[in-house]
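A.B. asks: If you want the building blocks of each chain, they are given just below.
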Amino acid sequence: MGQPSPKTPLLPLVWLWRLIASPRAGQPLPERWYVRPLAVLGIMLSFLIAYAVGSEDVPIDVGRDVGNALDDAVDWLTTNVSWFFQSIKDVMTWFLVSLEDMLLWFPWPAFIAMTGVICLLMVSWRMAFGSVAALLVLAVFGLWPATMETVALIIVTVTLSIAIAVPMGIWASQSDRLDVFLRPILDAMQTMPSFVYLVPVVAFLGLGNVSGVLASLIFAVPPAVRLTNLGIRQLPAETLEAAESFGATQRQMLLKVKIPLAIPTIMAGVNQTTLMALSMVAIASLIGAGGLGLKVYQGLGRIEPGNAFIAGLGIVFLAIIMDRVTQALTRRQQEAVSGD
Amino acid sequence: MTTSQDAPALSIRGLYKVFADPGDHGLELSRSGRSKDEVQEETGAVVGLRDISIDIAQGELFVVMGLSGCGKSTLVRCINRLIEPSAGEVWLDDREITAMSDEDLREARRRDLAMVFQHFGLMPHRTVMDNVALPLEIGGVARQERRERAGGALELVGLGDWTASMPNQLSGGMKQRVGLARGLAMETPILLMDEPFSALDPVIRRDLQDELLALQESVQKTIVFITHDLNEAVRVGDRIAIMRDGEIVQLGAPNDVVLNPADAFVREFTQDVRLHGMVTAASIMDSSAEAMAGPTEQRYVVREDAVLDDLVPAGLSATQPLQVVDDSGELVGVIPLQRLARAMVSDEAAAAIAAE
Ligand SMILES: Nc1ncnc2c1ncn2[C@@H]1O[C@H](COP(=O)(O)OP(=O)(O)O)[C@@H](O)[C@H]1O
Ligand SMILES: [Mg+2]
Numbered sequence: 008m009g010q011p012s013p014k015t016p017l018l019p020l021v022w023l024w025r026l027i028a029s030p031r032a033g034q035p036l037p038e039r040w041y042v043r044p045l046a047v048l049g050i051m052l053s054f055l056i057a058y059a060v061g062s063e064d065v066p067i068d069v070g071r072d073v074g075n076a077l078d079d080a081v082d083w084l085t086t087n088v089s090w091f092f093q094s095i096k097d098v099m100t101w102f103l104v105s106l107e108d109m110l111l112w113f114p115w116p117a118f119i120a121m122t123g124v125i126c127l128l129m130v131s132w133r134m135a136f137g138s139v140a141a142l143l144v145l146a147v148f149g150l151w152p153a154t155m156e157t158v159a160l161i162i163v164t165v166t167l168s169i170a171i172a173v174p175m176g177i178w179a180s181q182s183d184r185l186d187v188f189l190r191p192i193l194d195a196m197q198t199m200p201s202f203v204y205l206v207p208v209v210a211f212l213g214l215g216n217v218s219g220v221l222a223s224l225i226f227a228v229p230p231a232v233r234l235t236n237l238g239i240r241q242l243p244a245e246t247l248e249a250a251e252s253f254g255a256t257q258r259q260m261l262l263k264v265k266i267p268l269a270i271p272t273i274m275a276g277v278n279q280t281t282l283m284a285l286s287m288v289a290i291a292s293l294i295g296a297g298g299l300g301l302k303v304y305q306g307l308g309r310i311e312p313g314n315a316f317i318a319g320l321g322i323v324f325l326a327i328i329m330d331r332v333t334q335a336l337t338r339r340q341q342e343a344v345s346g347d
Numbered sequence: 009m010t011t012s013q014d015a016p017a018l019s020i021r022g023l024y025k026v027f028a029d030p031g032d033h034g035l036e037l038s039r040s041g042r043s044k045d046e047v048q049e050e051t052g053a054v055v056g057l058r059d060i061s062i063d064i065a066q067g068e069l070f071v072v073m074g075l076s077g078c079g080k081s082t083l084v085r086c087i088n089r090l091i092e093p094s095a096g097e098v099w100l101d102d103r104e105i106t107a108m109s110d111e112d113l114r115e116a117r118r119r120d121l122a123m124v125f126q127h128f129g130l131m132p133h134r135t136v137m138d139n140v141a142l143p144l145e146i147g148g149v150a151r152q153e154r155r156e157r158a159g160g161a162l163e164l165v166g167l168g169d170w171t172a173s174m175p176n177q178l179s180g181g182m183k184q185r186v187g188l189a190r191g192l193a194m195e196t197p198i199l200l201m202d203e204p205f206s207a208l209d210p211v212i213r214r215d216l217q218d219e220l221l222a223l224q225e226s227v228q229k230t231i232v233f234i235t236h237d238l239n240e241a242v243r244v245g246d247r248i249a250i251m252r253d254g255e256i257v258q259l260g261a262p263n264d265v266v267l268n269p270a271d272a273f274v275r276e277f278t279q280d281v282r283l284h285g286m287v288t289a290a291s292i293m294d295s296s297a298e299a300m301a302g303p304t305e306q307r308y309v310v311r312e313d314a315v316l317d318d319l320v321p322a323g324l325s326a327t328q329p330l331q332v333v334d335d336s337g338e339l340v341g342v343i344p345l346q347r348l349a350r351a352m353v354s355d356e357a358a359a360a361i362a363a364e
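Chains as they are written, first to last, in our numbering: chain A, 8 to 347; chain B, 9 to 364.
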């Protein structure tokens, strides 16, 4: 289909060339005289092949077969390992329901007042005022239960994300191998269109909040892993040297020096994770998650853009409140730790 | 008590460090006498240290000085193996550090080799007290003893009232006192100091130099002190090693180095040093028989080890050459006033007279 574009065979080769020529590539090829000529030759050859074969038709196509095989694998897993997914689902459902019940049991004026006080103590009176006004709007618009359900979803998602991401980031900071291995996986988690994994998630866990949490996890975990890893890797050399000169073991280095010093950066990761989780709220409603996301989805389905907008605004309000509070937490840590 | 007085506390033998040298090719070239630049040109390897041998005595304050990039930090880090030497040995009494297992090395770092860093290397998330106690915590010292030792060390450096402060509340000079206290609290026989005062203002630097000397009177540690400032080296050092391109070009007592520079490179440095504290009455006196037989100032007698600064009061009111006497009061020479004046005018002149 379409015109044969010269870019089609060129792009991967440009990428390959960059890889070969880049001094930052993990293990650059030795700087021998023949490396670059060979690469150029390879690119020219690919043009020849492209025009000989006809660039719009790749001679073989195994895409469907592989895709089908993956589908079969998912089928097999859902039928044979369902007990595993079911138990995960049960545990998480219990957590979610309890948390939601607790949040709803809490009188809404008290919840709003508490949020206001937290913002006042940690951020500013402006933010306190804003957060109270925003939550009041949600309450009088009849969105209070949905808001609490979303808050419960976010709390569970963020808690799980941090529980996975921080140890993973710490581990990656200690092992270059794991770091190199994780990087493309994290890239994939963040760039893979979410619709792609919504279906298998539903296949494994069915529709519901738990599936929503899991789908959000995939998106929310990477920034915390990256920032934890980075925070530990970029600590000042002399400080680490000092700890080493006292005869610290690897373990002592990590627990007494590296992790405490990396806390501000790790907190920045928590902030990112929270926002990522919130950005998934609407998409998660496609696979049965409730809360504000569901209101947006329903508004869309019933062609009630006004209602969808108001629920969407609710998500924005929550995002701003959570962002400012976690940012204030990060800033406090930074101030406590900044050297000069 | 097992070590005899003259056995070195720290002994460095034939130490080499070549960076970025995977096949030890640079090391071989350096061994065969090629210079740092030649080795770098041929193999790309960077020679950090080349055939360093030093014996440092118990209780000695040994200064290593040289320009930036000459290998001072590399040398001091090879002693506690923060940098792994390429070849050679480092001995601590009768134990070879360079042959230690990881575990023995950690033990030696905890018990024998404290270190103070140029930029202090403090942990910003810990209080002053907890910073000083960190090495003890790492070494498994019990909490109570930790606090006592850390508190004592902070008392010693004059920060007894600051134990609960955070490092970012302190000035640079105070931070380095914390660094020093941390080293002292470890109660190691050896203290490694990598440009400890270089990041500080001149006035604070002098204060800390004086304080270090006063402390050394009482603690009597074996100190390896790195600096790029010859004035500082001369002020604090018992002996000074001058380095260039990873090698030691001169090693000797401070006045030896200043008054008899081994080569043009060392002379470059010594030109900037304030000599007044270095030139003694003995080094500028005239001890010829005829001068000693001439008329001399009767009201003042100066000792032969008096430094130039100490001669100023006598020199100002004297009308005749000053008499110089040794420990037993014996006349050993005279200083003509003209010569004293010349010596005081400029450091170069003083050095020239001393060299006569
Ligand atoms: N990790 C390293 N890799 C390569 N070269 C190094 C490394 N560390 C130090 N060097 C080189 O070794 C020499 C000595 O460095 P250093 O000991 O830090 O000097 P100084 O402390 O006297 O300023 C310099 O030429 C420096 O560039
Ligand atoms: Mg240095």
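Since the hints were made in silico from the structure, they are not lab data.
A couple of the hints might just be wrong.
As the list claims (entries may be wrong) - Dumping the calculated SDA-like pairs for lysine to any residue here, alpha-carbon to alpha-carbon at most 20 Å:
id, chain 1, residue 1, chain 2, residue 2
1, A, Lys-96, A, Ala-170
2, A, Lys-263, B, Asp-335
3, A, Lys-263, A, Trp-178
4, A, Lys-263, B, Met-174
5, A, Lys-263, B, Gly-77
6, A, Lys-263, B, Gly-166
7, A, Lys-263, B, Gly-260
Said to hold, decoys possible - In silico contact screen, one side only, chain A against chain B (beta carbon under 10 Å); selected entries:
id, residue
8, Met-260
9, Pro-267
10, Ala-343
Source: prediction; values computed, not measured.
Beta carbons: idealized from backbone N, C-alpha and C, even for Gly.
A.B. asks: Each hint needs a verdict: does it hold in this structure or not?
C.D. replies: Hints and how they fare:
| no. | hint | in the structure |
| --- | --- | --- |
| 1 | A:Lys-96 to A:Ala-170 | 18 Å, holds |
| 2 | A:Lys-263 to B:Asp-335 | 57 Å, violated |
| 3 | A:Lys-263 to A:Trp-178 | 16 Å, holds |
| 4 | A:Lys-263 to B:Met-174 | 16 Å, holds |
| 5 | A:Lys-263 to B:Gly-77 | 32 Å, violated |
| 6 | A:Lys-263 to B:Gly-166 | 27 Å, violated |
| 7 | A:Lys-263 to B:Gly-260 | 42 Å, violated |
| 8 | Met-260 | 9 Å, holds |
| 9 | Pro-267 | 5 Å, holds |
| 10 | Ala-343 | 6 Å, holds |
Hint compliance for this structure: hints 2, 5, 6, 7 are broken, all remaining hints hold.
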